[in-house]
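Novice: So you can see what is in the structure, the chains are spelled out below.
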Amino acid sequence: GQQVMQIPQYQHVQEGEDFTTYCNSSTTLSNIQWYKQRPGGHPVFLIQLVKSGEVKKQKRLTFQFGEAKKNSSLHITATQTTDVGTYFCAGENYNQGGKLIFGQGTELSVKP
Amino acid sequence: GAGVSQTPSNKVTEKGKYVELRCDPISGHTALYWYRQSLGQGPEFLIYFQGTGAADDSGLPNDRFFAVRPEGSVSTLKIQRTERGDSAVYLCASSRGGTGELFFGEGSRLTVL
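Line by line, the protein sequences are chains A and B.
Residues in the first sequence are numbered from 2 upward in steps of one, following our numbering.
Residues in the second sequence are numbered from 86 upward in steps of one, following our numbering.
If we take Cβ atoms under 7 Å as the criterion, some of the chain B residues that face chain A in the derived model are: (1) G127; (2) E186; (3) G192.
Capping the alpha-carbon separation at 30 Å, the derived lysine-lysine pairs in BS3-like fashion look like this: (4) B:K163 to A:K37; (5) A:K58 to A:K100; (6) B:K96 to A:K100.
Computed list of chain B residues with no C-beta within reach of chain A, every gap over 12 Å: (7) N147; (8) F150; (9) V153; (10) T161.
Note that these hints are calculated values from the structure, not bench results.
In this text, all values refer to a predicted model and were calculated from it rather than measured experimentally.
Here a beta-carbon is modelled for each residue, glycine too, at the ideal position from N, C-alpha and C.
Make a model of the complete structure from these sequences and hints.
Specialist: In structure tokens:
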């Protein structure tokens, strides 16, 4: 079945450093979404990428969708303590519309 | 309502008991999802409803798990003969049309003793 893998599992950075998490799918995706979950909270939607090679930016966050639509990345520039949490990618297959499969997440901690 | 509402927020039960978890989605959202999340893991897909029908129930682990959405709004996840391995946070989410942003509830934390 479809698998979505994320690396790294954990990332500890100093405030101001950059952070990147990578997501790989075993199958070609129709779209990929990114979510953020704060400690003790629930996943909150960040963005959806649909087109091959798509790049979207939200302030200090840059999201990319690979040309083959099987991988994606999230890059945060100059991390802040408010960026702390776990970042999940979630992919949807072409023939399984509506079913989002989540990766295991990357937990980001930021030292002030 | 303003957001996805889940009840109870916490449920402690004994092994072998029956449990029901309720989800009230955002008004007007046709798609409803159930996920479960264990500590340190990503949400694990269980079932997805489009309207009243289960569009995809391939994530239900076994026949002890069942979910309904009889009127296309509120959904109930039912777990029979609970086992300790069922302990997790059960997350419900809804979306407008079955693709796009998922709005998650706060979850129901189930502990099976």
